[in-house]
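Trainee: Under the numbering used here, the sequence shown has 54 at position 54, and the numbering climbs by one with no breaks.
In case anyone wonders, no lab produced these hints; they're calculated from the structure.
Among the clues, some could well be false.
Claimed, not checked - List time: in silico BS3-like cross-link candidates among lysine-lysine, alpha-carbon distance up to 30 Å: (1) K66 with K50; (2) K132 with K94; (3) K68 with K91; (4) K46 with K66; (5) K50 with K68; (6) K140 with K156; (7) K158 with K132; (8) K132 with K156; (9) K46 with K68.
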Amino acid sequence: MGIMAGIGTVIADDPMLNVRVEGWKSPIRILCDSGLRIPLDGQIVKSAGKYRTIVAYADSENTEAKRKRLHEMGVETICCPDENNQVDLKKLMKYLGEEGIDSILLEGGGTLNDSALRAGIVQEVQAFIAPKLFGGMNSKTPVEGIGVRFPSEAVKLKCTDICQIGEDIRITCQVCGKDRRSHVYRNRRRERNNPLYTADRRIRSSGSESEKSTGRHKDW
């Protein structure tokens with residue numbers, strides 16, 4: 001099993017992404033970091049020798065020195081860019097599957113959550129609701145990105161379980177029609193190139209084996 005986060009979460013929170021319950025095995029840590037901005041002095045890199053850590057990136061031209069240093073510290077890297085020079089999540093999932101990682105807990109922020117939904121790689125959503133109200137016009141949402149214009153374009157979920165954990169409520173849902181969101185976003189991108197679309201839009205805007213045994217690198 002793996003746990004995945006985006007570089008925004010890593011920089012903001014400096015998490016360990018490990019299990020704190022004694023006797024439990026920690027998951028493989030997977031980070032999406034297009035520009036390879038991960039801090040070398042962060043907890044994840046410093047503990048890579050203890051917990052297997054994979055960093056997926058997209059910029060292969062300006063990151064050679066950083067990759068070498070990461071490998072020396074025990075971090076594995078994989079280059080899998082998409083057409084926008086961001087991490088291609090579908091390619092990443094294929095690679096992880098070949099590595100024997102068939103289940104991932106996505107601990108992303110709103111940006112990575114949005115990218116994962118658009119890529120159609122999300123099967124289940126677990127939403128936790130706390131008895132607190134924060135408000136705020138510019139508050140972050142669980143799913144960022146450009147959003148949708150109509151309810152019919154939203155990602156459809158099917159609720160499979162609701163339970164109370166302490167004061168919080170956990171809602172578990174299966175994602176229906178995973179490919180639909182990708183189709184909607186492709187249409188949205190085409191529309192954004194149309195001058196008439198701007199008048200209508202009123203939406204507010206986580207190769208080869210390395211030569212060193214301490215680190216591995218692969219290009220896709």
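Trainee: Confirm or reject each hint.
Mentor: Results of checking the hints against the structure:
For the suggested pair K66 and K50, the alpha carbons sit about 20 Å apart, so the restraint of at most 30 Å is met. With a C-alpha separation of about 39 Å, the suggested pair K132 and K94 falls outside the 30 Å cut-off, and the hint is violated. With a C-alpha separation of about 22 Å, the suggested pair K68 and K91 falls inside the 30 Å cut-off, and the hint holds. Simply put, K46 and K66 have alpha-carbon atoms about 14 Å apart, close enough for the 30 Å limit, and the pair holds.
A hinted pair counts as satisfied when its Cα atoms are at most 30 Å apart, and K50 with K68 qualifies at roughly 19 Å. Of the supplied pair hints, the one linking K140 and K156 holds, its CA atoms being roughly 21 Å apart against a limit of 30 Å. Distance restraint check for K158 and K132: the Cα-Cα separation of roughly 25 Å lies within the 30 Å cut-off, and the hinted pair is therefore satisfied. Proximity of K132 to K156 is assessed by CA-CA distance (about 25 Å); at most 30 Å being required, the pair is judged to hold.
Between the alpha carbons of K46 and K68 the distance comes to roughly 15 Å, so the proposed pair stays at or under 30 Å and holds.
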